[in-house]
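Number of protein chains: 2
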Amino acid sequence: MGGTPPRSPLAPASFPDLPVIGGVEFATIGAGVKYAGRKDVMLARLAPGTAIAGVFTRSATRSAPVLDCQSKIGGDSTGAAAIVVNSGNANAFTGRNGVEATKAVTNAAAKALGIEESRVFTSSTGVIGEPLPHDRITAKLEELAGSLSADGIADAAAAIMTTDTYPKGAAAEVQVDGQTVRIAGIAKGSGMIAPDMATMLVYIFTDAAIDQPVLQDMVSAATDLTFNCITVDSDTSTSDSLICAATGASGIRVTEANTAFIDALRGLMLDLAHQVVRDGEGATKFVEIHVTGAHSDADARTHALSIANSPLVKTAIAGEDPNWGRIVMAIGKSGAAADRDLISIWFGDVLVADKGWRAPSYKEEDGAAHMTGDKIDIRVDLGLGGGTATVWTCDLTHGYISINADYRS
Amino acid sequence: MGGTPPRSPLAPASFPDLPVIGGVEFATIGAGVKYAGRKDVMLARLAPGTAIAGVFTRSATRSAPVLDCQSKIGGDSTGAAAIVVNSGNANAFTGRNGVEATKAVTNAAAKALGIEESRVFTSSTGVIGEPLPHDRITAKLEELAGSLSADGIADAAAAIMTTDTYPKGAAAEVQVDGQTVRIAGIAKGSGMIAPDMATMLVYIFTDAAIDQPVLQDMVSAATDLTFNCITVDSDTSTSDSLICAATGASGIRVTEANTAFIDALRGLMLDLAHQVVRDGEGATKFVEIHVTGAHSDADARTHALSIANSPLVKTAIAGEDPNWGRIVMAIGKSGAAADRDLISIWFGDVLVADKGWRAPSYKEEDGAAHMTGDKIDIRVDLGLGGGTATVWTCDLTHGYISINADYRS
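Chains as they are written, first to last, in UniProt numbering: chain A, 1 to 409; chain B, 1 to 409.
Please note that the accuracy of each hint is not assured.
As the list makes no split between identical chains, a pair holds if one copy fits it or if it spans any two.
Said to hold, decoys possible - Calculated cross-link-like contacts (lysine-lysine; reagent style PhoX-like; alpha-carbon spacing at most 25 Å):
1. Lys39 x Lys111
2. Lys375 x Lys363
3. Lys103 x Lys363
4. Lys375 x Lys103
5. Lys111 x Lys72
Simulated from the structure, these hints should not be mistaken for laboratory data.
Given the structure is predicted, the values throughout are model-derived calculations rather than measurements.
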């Protein structure tokens, strides 16, 4: 990788001030997995009794750490737990070596923290197909375990970055019976981003006390409306992982009936998902695509993703070109039901196409004006039924090509 | 559109010398549909009795000319026929106006040539969603009809171009009972290219005498192995059309039993399909992806297209980076069956990955050496069964972004 790409023009002004979550401590270190001169491993220690839920990539070639995590989610929650993440190497498609590398890291973390190996969850992100130099990580675990701190979450967000141009964090507070429950989350991801899951790593921590099956249901449902509704380049990674840990340190119990907590968790996840899109490789525009009037929500989603993943739509947006013909094309090719002569399209508030052809009121300069902003809103009504969906993406620019034609060499 | 993009580095040295096909005459003219200073309309007149077969886009938003052609294929073949094609405007998503524009062109062509309107086939290619200025075309039809010539096929190939950087043609000869049957074809297309159908227009002419249903079966079968196996950017147009006309002027009858003719037709179509990929917008590498060992041919095709359409694979190729991890990723996300630990991958003759991880014999410099060529061969064996597929694509470069972020403005 050549020099660091510049910070995305769509980045938030600064990393948010994340609250300390009782029951979680962080440590980070530079282990030289691939990158020199930066921190590339993070350790999180979770208090005994922490419930841990997870959502993972559905890729048929998912990595050894993903398979290891999946086998551990839902196990006994009695003891303390840990999350170990390295950037620079995905430990994916590394065969038996990959399984052994994962085992070496989980074993070393368990020893360093004095916990059960079945409670150690690891993620690896970066290049696929190269053996993970796991000894560089295991050599640092004692030092990491000795430097844990309750306020290290910002450093953790930075340590898990690969081609990200900024660290991603979000927080929420929820009042439960007059007491405050806190949630904080971090994420990484900027390319190889597509649903099921978007290619990324996400770690969310709350001091609420939540039974593991309840937490799993909450996280799975929220993922479908957040991380599974974003796409940068239609490519799905082998390593996508979301882990949510509820430490219970607040002493406040949250159940499946607490809609305020569920909404707050989903809002936090949507915030992180949008931050990933805003860091889409080469992105200069944040794009929301809202489809209504489809036969079903599933059809609406198929159309929305076909638009969001179309290279011709994405390059038109990059060029600030209100080329609504390419949106028609993307609807036509999606495979979901559409009737050409019922389709209407808006750019922002501007009605562009009305029931199958250019709206009489439409002026190209109005569409062009909307495209000059850095938030693009595309709305499509299919005129067929009540199905709706919203997805988010970014434009496709020279920056994407520069980053990805030169990532590994 | 700014200046004309430079001729693709993958273009053939020159336009081939196409034979005159008895029973077909061509004329071209500059009608100013969109482009100034170039020919943008072509007319082909086909002798009475010509059998006409067609394959068209499956887009749900297909254009008025496509729908009109589809309704006419398979009709009575007694009278003379015509093909009228304009570039610059696709007459797609133009509502009632689009139907009227198509009707105006077919009507004017029928009058100018003294033939039935049911024997006039039209195609329009270019911008979607803008009303076709059909009067500019109809105003020229008498002049076109007056300038028909048997050797005008090369001009026709040029007149149908949009973002193409070179005209595309191919020819074949077949011996039938000691006599020669000729086939000549032209095509346009360079972006919005994906299967079902690849986004393009293709016109093929033969002097063989073939019954229409037989010709249709031949063309449909060959399309599945040629134009439906190429992709530039995964985008499918609203206008894709392939029309094949058998004039019978040679007096030589060809039936479904003539495998030499079928092979020659398929070979010619594959040649044209490859020429379209070689003119892929911004392309610098021609890529063949061959998948073996899948559960089924359909699964092999799904994997091959997932690899061919992956922006991360295509940018890696642009960067001459032997990043086989991205191929693993594309297999994993395709949805078709794969077992991570059985996958093998080759770049050219170089075994890169062997049954799930990097081949012990693999040296990065060997993979890198293959990537420096302008023909890239990627072979994947899934180790599951006997399914195979081959697809062709190109790399994704800064050139694609430049062309498509600035096409319409």
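Please name the hints from earlier in the document that this structure breaks, with their numbers sorted from lowest to highest.
Going through the list in order, the structure violates hints 3 and 4 and respects the others.
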